[in-house]
Amino acid sequence: AHGATQAARAVGGRVVKEIDGRAVLFAFASEAAVGAAVPSLLARPEVAFVERNGFMSLRSTPQRPAGQGQNGSTTQGGVSPQVVSNDVATGFQWHLTMIRKTAPLPALSTTPPTIAVIDTGVDYTHTDLSGKVLLGLNTLTSTLDPFDDHGNGTAMAGIAAAKAGNGLYGEGVSPNSRILAVKVLGPNGVGTFSNIAVGMSYARLYVPPAGVPAVRVLTMGVSGPPSALIATQVNAIKIAGKVLVAAAGDF
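Quick note, the sequence shown lines up with residues 1 to 251 if you use this note's numbering.
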């Protein structure tokens, strides 16, 4: 990394950030400087790839199902929800209905793994999530305040681990899990390769407070062009024995 940094600086580049000891983000003053830097960087034996710091984004914003009010009540005729708990909106959570129809579950674990939500952040004041969200890194501000200013990350956290049996909204697939909120996308649902990679690395290496289960599942719902940088983080998560759940663009 030191050699690559020197090579970049020789043509006017500066280091913006290092990512997990696996990559370095450079900034250049001009397009000509970028063009001059790429061949010299690729010629170095320690450099595996060079790519632009591209963008990834959410496909769309989740919408409330038709006929469902704020408390999950039915507001249209002809809807026959199959509620699976006293959280009445579970009748609109098709995945819960199908899971419990096709694969009856044993009693839910009281100490399931923590789930990292790598997204737009999480509204940790939300009634169905309050008290169970660990405040992870906000890669846009380099702070530990990953509050959601978009909504998608909160929705993903709720699908994964919303509280069960409180009579509000729906419930998560793993309602006893804690959520590690990692913000890598802005209010427009867009983030850079580098910020997303930093968030993935942070979630993979995160050490929870005493008594909190380790992060074993990481979830993210972005799409965009191929990125060697993101691929290195995907591979590192695999090697670490953790599960990465990624959206397939099916919203």
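Hints listed in this document are in silico derivations from the structure and should not be mistaken for laboratory results. A couple of the hints might just be wrong.
List of simulated lysine-lysine pairs, DSBU-like, C-alpha gap at most 35 angstroms [said to hold, decoys possible]:
no., residue 1, residue 2
1, K132, K242
2, K17, K242
3, K132, K17
4, K132, K238
5, K238, K17
Task: Violating hint indices (sorted, rising) - done: Going through the list in order, the structure violates no hint and respects every one.
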